[in-house]
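2 protein chains.
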Amino acid sequence: MASDEITGISCPVPQVSNEKITLGHGSGGLLTHELITKIFLKEFDNDYLNMSHDGAVFISGTQKLAFTTDTFVVNPLFFPGGNIGDLAVNGTVNDLAMCGAVPMFLSAGFIIEEGFSQEDLKKIVHSMKAAAVNCGVSIITGDTKVVEKGKGDKLFINTSGIGLVQDGIDISPKRIAPGDKIILSGSIADHGIAVLAARENLNFRTEVHSDTAAVHDIINKLLQVCKDVHVLRDPTRGGVAGTLNELARSGQVSIFIDEVRVKVKEEVNSACEILGFDPLYVANEGKFICILPGSEAEEALKVIRSFKYGNDAEIIGDVRAENPGRVILHTRLGTKRVLEMLSGDQLPRIC
Amino acid sequence: MASDEITGISCPVPQVSNEKITLGHGSGGLLTHELITKIFLKEFDNDYLNMSHDGAVFISGTQKLAFTTDTFVVNPLFFPGGNIGDLAVNGTVNDLAMCGAVPMFLSAGFIIEEGFSQEDLKKIVHSMKAAAVNCGVSIITGDTKVVEKGKGDKLFINTSGIGLVQDGIDISPKRIAPGDKIILSGSIADHGIAVLAARENLNFRTEVHSDTAAVHDIINKLLQVCKDVHVLRDPTRGGVAGTLNELARSGQVSIFIDEVRVKVKEEVNSACEILGFDPLYVANEGKFICILPGSEAEEALKVIRSFKYGNDAEIIGDVRAENPGRVILHTRLGTKRVLEMLSGDQLPRIC
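From first to last, the protein sequence lines are chains H and U.
Numbered per this note's numbering, the first sequence finishes at 471, counting up by one with no gaps.
Numbered per this note's numbering, the second sequence finishes at 471, counting up by one with no gaps.
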C-alpha cells in the first residue's frame, strides 16, 4: 500500500433500536452526536447552542460571559489521581477555559443514592473545595436530591459554571482554517485507562493515574500572548480522535495528525494494547487541543510548555481544505488512516 | 386549652444512621438542612452561599446577576399538569425570580438511563422548549450522560440558570423584620398530591393537577411597584411550612400565619385527609411567598392578584420578634400550634 493512500477503519453504526437510549448515546461519539442533533438541537435551536462549543458565550452589559454545564456520572467515584469531586470542578473549569473565559463561579447539584456513605460524601465535597480553591473559583449555589436505593448509583454531580471571556477573544469551530496548526497539551488516555482499571480492578505493573487537572491558567496566559486562537477544546469523552472529528465537521475542514507526535505514556500504551483500546479514542481530563494560525504555533507551544500541565505539549498536526469533515492520521508506519468518529461506546461512564 | 396557648406537634429527629444518606436527607426538611450545613456549607463557605437564597447574586461589570441550580428527579416523569421537562424549566425560572432577577439563560444537563424511550425523551424536551419560550428564556448550553440500566431511573434533569437582578432590589432572608406581612400567591399542595397520585395510581373523584408554572412575570411587575420586598421564596420541597421555618431561622424572627387564610382546593384537601398529609408541608411548583413591609402589603396583593397565577393570593400572616425561629399557626379552631420543620421525608421525589 502506498504511503499516501488513505485506509479507513470500518465503523458501521451498530444496529440498535431507534426507540431506546443506549449506552452508546452517552459515548461522545456518533450516537451522542445524533441524539444531540435530532432531539436536543431540534428543539433548543438558538445561536448560542448552535455554536457547538463547550459552553455558550453571551453579552452581559459591557462584559462577555461564558456559561457551561456538565454532569459527572463516573464509576467508580474514587480512582487513582482523583475522584468525582475534583473531576466535576476541574471539568467545568476547563469547559469555561475552552470558551476563552476566566472561570469565576460554579454551581453544584448532587443526586445521592439512598444509603450512600456520608464519609465518602464528605471526602468528595472536600476534594471539590480543594479543586475550587486551586482554580480560584467559588461554588456559590447548590442543590441536593436523594433517590431511593437502586434508582441511582451512589452519587452523580452536576457542575455548571460562569466565566469572564477575555477581551478580543473569539473562539469558535467556525474559525478553523486551512493552514492552522494543532497543538495537543500533553500525553493522552490517562484518565480513561485509570478509571477503567479502578472499575475492573485491573492491576498493571505501573499504576495509571487520571490526568484530572484544571488548565485554565495555561489558557489564560496563552490568550494573552496569542489572541488569535481559533479553537480550544478538551478531549474528554471520545478522546482526541472524537474531538478532532467534531471540529473537522463543524469547521468543514480536514485535520491531519502525526501519530509520532501524539504522546502516550508507556504504561498507558501497554494498558491500551492489553485492553484493545486505541488511545486516540480514550478520555482525558487535564488536556486540551488548541487550533491556531500556523504563524503563531511556535510561540503558543512555548507558552503552553512553560506550565506544569503543558510541558509535554506538541504540535501534532495541521488543518487542510481537502476532504472536509475528515480526520486523517499519518501512522508510525508511514501510511495514512482515516480516524472515524466512534459510533458506539468504547468506555462508558468515565466522566 | 386557652386559645393563646401554643402547642407543638412532637417531631423528634428519627433515629437514622449518621453514616448513611437517607431519603429524609432529600426532603427539604431538618435532615436536608443538617446535610447542607454539616457537609456542604462547611466546605463551600462563602458569602454567596451563606445568603441561604434560592440562588446566588453576584456583580458582573455594571450588572447584578443571579445564578441558580436545581436537579429534578421527579417520579413519575409525567403527571397531571406537567412533566419533568416543564417542571425543570419553570423551577429554575422561579428560583431566579425569587432572587429578584429576570430569567435569561438556562443550561440543561440530562442523565438518561439505558433503555429509556426516545419518544418520551422527545416529549420531555419539547415541553422544556415550550416552557422556555413561555418564560422568555433560552436553553443555551447542555450535557447528556447515559448510565446503565438499573443505575438511574429513566431520566434526571439539572437546569441551572442566569438572570438579571433588577436595580434597587435587595432580596434576603436577613431583611425580614417584625411588622412584615406574608403573602402567599395561591392555593397550596397541588403539585405534591398530583405527583403522588400519579406515582401510586390513586384515583380521586376530581383529578388533582400540578400547579407547575413560572411566576417570573408576576415578580417582575411586583418589584417594579414594590421595590422594598424583603424576601421571595417558592415553597417547593417541605411546602409552605418548611419554607417559612427556613426563613424564620435565617431571619431570626417568628412567623405567625392564619390557617383560614391559607387556601387549599377542595379536592387537594380531601386527598391530603385520605393520605394523612398536612397540606402545609406538601410541595408547590407555581406558588411563591412574598415577605415585605406591612405598609406595602395591600398594594403588592393587588399586583399579584392581577395575574392568572396569582389571583388567589392572600396575606396569610405576619412577622414578629418574639420566639425567634418559630413558625406558629393560628388554627381554624382558634388555637395556636407550632409548625415544626419536618425531620424526615413526607413525599420523596416530587421535584
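I should point out that these hints are in silico values taken from the structure, not numbers from a laboratory.
Treat the hints with care, as some may be off.
Now the in silico label distances, taken between C-beta atoms and shown as ranges [claimed, not checked]:
| no. | chain 1 | residue 1 | chain 2 | residue 2 | range |
| --- | --- | --- | --- | --- | --- |
| 1 | H | S237 | U | K294 | 29 to 39 angstroms |
| 2 | H | S426 | U | N340 | 27 to 37 angstroms |
| 3 | H | E154 | U | N166 | 38 to 48 angstroms |
| 4 | U | D165 | H | E442 | 54 to 64 angstroms |
Computed cross-link-like contacts, PhoX-like style, restricted to lysine-lysine with a CA-CA straight-line distance of at most 20 angstroms [what the hints assert, rightly or not]:
| no. | chain 1 | residue 1 | chain 2 | residue 2 |
| --- | --- | --- | --- | --- |
| 5 | U | K271 | H | K274 |
| 6 | H | K158 | U | K162 |
| 7 | U | K249 | H | K271 |
| 8 | U | K341 | H | K271 |
| 9 | U | K162 | H | K243 |
| 10 | H | K140 | U | K456 |
| 11 | H | K274 | U | K269 |
| 12 | H | K269 | U | K274 |
| 13 | U | K243 | H | K162 |
| 14 | U | K301 | U | K184 |
| 15 | U | K271 | H | K158 |
| 16 | H | K184 | U | K301 |
| 17 | H | K269 | U | K249 |
| 18 | H | K140 | U | K269 |
| 19 | H | K242 | U | K184 |
| 20 | H | K274 | U | K274 |
| 21 | U | K140 | H | K274 |
| 22 | H | K347 | H | K249 |
| 23 | U | K158 | H | K242 |
| 24 | U | K269 | H | K269 |
| 25 | U | K243 | H | K140 |
| 26 | U | K456 | H | K271 |
| 27 | U | K184 | H | K249 |
| 28 | H | K301 | H | K422 |
| 29 | H | K243 | U | K269 |
| 30 | H | K271 | U | K271 |
| 31 | U | K456 | H | K162 |
| 32 | U | K140 | H | K243 |
| 33 | U | K274 | H | K140 |
| 34 | U | K184 | H | K269 |
| 35 | U | K249 | H | K158 |
| 36 | H | K249 | U | K158 |
| 37 | H | K162 | U | K294 |
| 38 | U | K243 | H | K242 |
| 39 | U | K271 | H | K140 |
Ideal Cβ placement from N, Cα and C applies to all residues, glycine included.
Here's how the hints hold up against the structure:
Between S237 (chain H) and K294 (chain U) the beta carbons are some 35 angstroms apart, a value that agrees with the proposed interval 29 to 39 angstroms. Between S426 (chain H) and N340 (chain U) the Cβ separation comes to about 49 angstroms, which falls outside the hinted range of 27 to 37 angstroms. Between E154 (chain H) and N166 (chain U) the beta carbons are some 41 angstroms apart, a value that agrees with the proposed interval 38 to 48 angstroms. Here the CB-CB span from D165 (chain U) to E442 (chain H) is close to 56 angstroms, well matched to the stated 54 to 64 angstroms.
Simply put, K271 (chain U) and K274 (chain H) have alpha-carbon atoms about 9 angstroms apart, close enough for the 20 angstroms limit, and the pair holds. For the proposed pair K158 (chain H) and K162 (chain U), the alpha carbon gap of about 43 angstroms is over 20 angstroms, so the pair is violated. The suggested pairing of K249 (chain U) with K271 (chain H) is violated, with an alpha-carbon distance near 27 angstroms, which exceeds 20 angstroms. For the hint pairing K341 (chain U) with K271 (chain H), the CA-to-CA distance comes to about 41 angstroms; that exceeds 20 angstroms, so the pair is violated.
For the suggested pair K162 (chain U) and K243 (chain H), the alpha carbons sit about 12 angstroms apart, so the restraint of at most 20 angstroms is met. At roughly 54 angstroms between alpha-carbon atoms, K140 (chain H) and K456 (chain U) are farther apart than 20 angstroms, so this suggested pair is violated. Between K274 (chain H) and K269 (chain U) the CA atoms are separated by roughly 14 angstroms; this keeps the pair inside 20 angstroms, and the hint holds. Of the supplied pair hints, the one linking K269 (chain H) and K274 (chain U) holds, its CA atoms being roughly 14 angstroms apart against a limit of 20 angstroms.
About 12 angstroms separates the Cα atoms of K243 (chain U) and K162 (chain H), which keeps this hinted pair within 20 angstroms; it holds. Distance hint between K301 (chain U) and K184 (chain U) is unfulfilled; the C-alpha atoms sit about 27 angstroms from each other, more than 20 angstroms. The suggested pairing of K271 (chain U) with K158 (chain H) is violated, with an alpha-carbon distance near 25 angstroms, which exceeds 20 angstroms. The straight-line distance between the Cα atoms of K184 (chain H) and K301 (chain U) is roughly 40 angstroms, outside the 20 angstroms bound, and the hint therefore fails.
Taking the CA atoms of K269 (chain H) and K249 (chain U), the gap is about 31 angstroms. The hint is violated against a cut of 20 angstroms. Restraint check for K140 (chain H) and K269 (chain U): satisfied, since their Cα atoms lie roughly 11 angstroms apart, inside the 20 angstroms limit. For the proposed pair K242 (chain H) and K184 (chain U), the alpha carbon gap of about 32 angstroms is over 20 angstroms, so the pair is violated. For the hint pairing K274 (chain H) with K274 (chain U), the CA-to-CA distance comes to about 16 angstroms; that is within 20 angstroms, so the pair holds.
For a cut-off of 20 angstroms, the pair hint linking K140 (chain U) to K274 (chain H) stands: about 11 angstroms separates their Cα positions. Between K347 (chain H) and K249 (chain H), the direct Cα distance comes to roughly 31 angstroms. Violation of the 20 angstroms bound is thereby established for this hinted pair. Of the supplied pair hints, the one linking K158 (chain U) and K242 (chain H) holds, its CA atoms being roughly 9 angstroms apart against a limit of 20 angstroms. For the hint linking K269 (chain U) to K269 (chain H), the alpha-carbon distance of about 14 angstroms falls within 20 angstroms, and the restraint holds.
A C-alpha spacing of about 14 angstroms is found between K243 (chain U) and K140 (chain H), which places the hinted pair at or below 20 angstroms, so the restraint holds. Distance restraint check for K456 (chain U) and K271 (chain H): the Cα-Cα separation of roughly 41 angstroms exceeds the 20 angstroms cut-off, and the hinted pair is therefore not satisfied. The straight-line distance between the Cα atoms of K184 (chain U) and K249 (chain H) is roughly 25 angstroms, outside the 20 angstroms bound, and the hint therefore fails. Using a Cα cut-off of 20 angstroms, the hinted pair K301 (chain H) and K422 (chain H) holds, with the two alpha carbons roughly 14 angstroms apart.
The suggested pairing of K243 (chain H) with K269 (chain U) is violated, with an alpha-carbon distance near 27 angstroms, which exceeds 20 angstroms. For the suggested pair K271 (chain H) and K271 (chain U), the alpha carbons sit about 6 angstroms apart, so the restraint of at most 20 angstroms is met. With a CA separation close to 55 angstroms, the supplied pair K456 (chain U) and K162 (chain H) exceeds the 20 angstroms bound. Pair hint K140 (chain U) plus K243 (chain H) holds up; C-alpha atoms about 14 angstroms apart against a cutoff of 20 angstroms.
A C-alpha spacing of about 11 angstroms is found between K274 (chain U) and K140 (chain H), which places the hinted pair at or below 20 angstroms, so the restraint holds. Restraint check for K184 (chain U) and K269 (chain H): not satisfied, since their Cα atoms lie roughly 41 angstroms apart, outside the 20 angstroms limit. For the proposed pair K249 (chain U) and K158 (chain H), the alpha carbon gap of about 14 angstroms is at most 20 angstroms, so the pair holds. For the given pair, K249 (chain H) sits about 14 angstroms from K158 (chain U) by alpha-carbon distance, which is consistent with the 20 angstroms threshold.
Between K162 (chain H) and K294 (chain U) the CA atoms are separated by roughly 44 angstroms; this puts the pair beyond 20 angstroms, and the hint is violated. Using a Cα cut-off of 20 angstroms, the hinted pair K243 (chain U) and K242 (chain H) is violated, with the two alpha carbons roughly 37 angstroms apart. For the suggested pair K271 (chain U) and K140 (chain H), the alpha carbons sit about 16 angstroms apart, so the restraint of at most 20 angstroms is met.
Of the numbered hints listed earlier, those contradicted by the structure are 2, 6, 7, 8, 10, 14, 15, 16, 17, 19, 22, 26, 27, 29, 31, 34, 37 and 38.
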